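Novice: Sequence:
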Amino acid sequence: MATSAVPITELDELVRWGILVPSQSQWASPIHLVPKDKGNCYRMVGCYERLNAITLPDRYPIPDIQTFADHLHGATIFSKIDLARAFAQIRMSPEDQQKTAITTPFSLYER
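Numbering (UniProt numbering), first residue to last: 1 to 111.
Because the hints were derived from the structure by calculation, they are not lab data.
Nothing here was measured: the structure is a model prediction, and the numbers come from that model.
Wrong hints could be hidden among the right ones.
The following label-pair restraints were derived from C-beta to C-beta distances [claimed, not checked]:
no., residue 1, residue 2, range
1, T55, V21, 21 to 29 Å
2, Y60, L83, 21 to 29 Å
3, V21, S79, 29 to 37 Å
4, D12, Q89, 15 to 23 Å
5, D12, G74, 45 to 53 Å
6, I77, C47, 20 to 28 Å
7, D12, Q98, 17 to 25 Å
8, P35, P94, 31 to 39 Å
9, P61, T9, 40 to 48 Å
Even for Gly, the Cβ is constructed at its ideal location relative to N, Cα and C.
With these hints in hand, go ahead and build the complete structure from the sequences.
Specialist: See the structure below:
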């Protein structure tokens, strides 16, 4: 698949699945194509550097590795999950969805 066709195919899928919707947002982040490990495959990503620069980070304590390991002591069942399109599976407040807007040569979309 030609690199230029990747965004069209990817956008079509994301819109069809309801992950992206057309947007009228005043926010607009560009997209980039990042090569995947497998051959000619690419992943479309939004470049949110400008949004991140004005975002206030959450401040909450993160447990140190020993505390984390202590919580695992005695556990017998562990799970590993690899989510496809993981970003789209993170809950987001409706008022923040406009900030996810990506600009493409075809239109403006948001999550």
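Novice: State, for the Cβ atoms of V21 and S79, whether the hinted interval 29 to 37 Å holds or is violated.
Specialist: For S79 against V21, whose Cβ atoms are near 32 Å apart, the range 29 to 37 Å holds.
Novice: Between D12 and Q89, does the C-beta distance stay in 15 to 23 Å?
Specialist: With a Cβ separation near 20 Å, D12 and Q89 satisfy 15 to 23 Å, so the hint holds.
Novice: Starting from the hint 21 to 29 Å, judge whether the C-beta atoms of T55 and V21 obey it.
Specialist: Given range 21 to 29 Å: holds, Cβ gap about 22 Å.
Novice: Can you let me know if the beta-carbon spacing of Y60 and L83 is within 21 to 29 Å?
Specialist: holds (23 Å)
Novice: Range first: 45 to 53 Å. Now tell me if the beta carbons of D12 and G74 are that far apart.
Specialist: Cβ of D12 to Cβ of G74: about 48 Å, so the range 45 to 53 Å holds.
Novice: So does P35 sit 31 to 39 Å from P94, Cβ to Cβ?
Specialist: This hint holds: roughly 33 Å between Cβ atoms.
Novice: Is 17 to 25 Å right for how far apart the beta carbons of D12 and Q98 are?
Specialist: At 22 Å between Cβs, range holds.
Novice: Measuring from beta carbon to beta carbon, are I77 and C47 in 20 to 28 Å?
Specialist: Violated, at about 39 Å.
Novice: Taking 40 to 48 Å as the hint, is the beta-carbon distance of P61 and T9 inside that range?
Specialist: Because 43 Å falls inside the window, the suggested range holds.
The earlier numbered hint that this structure contradicts is number 6, and it is the only one.
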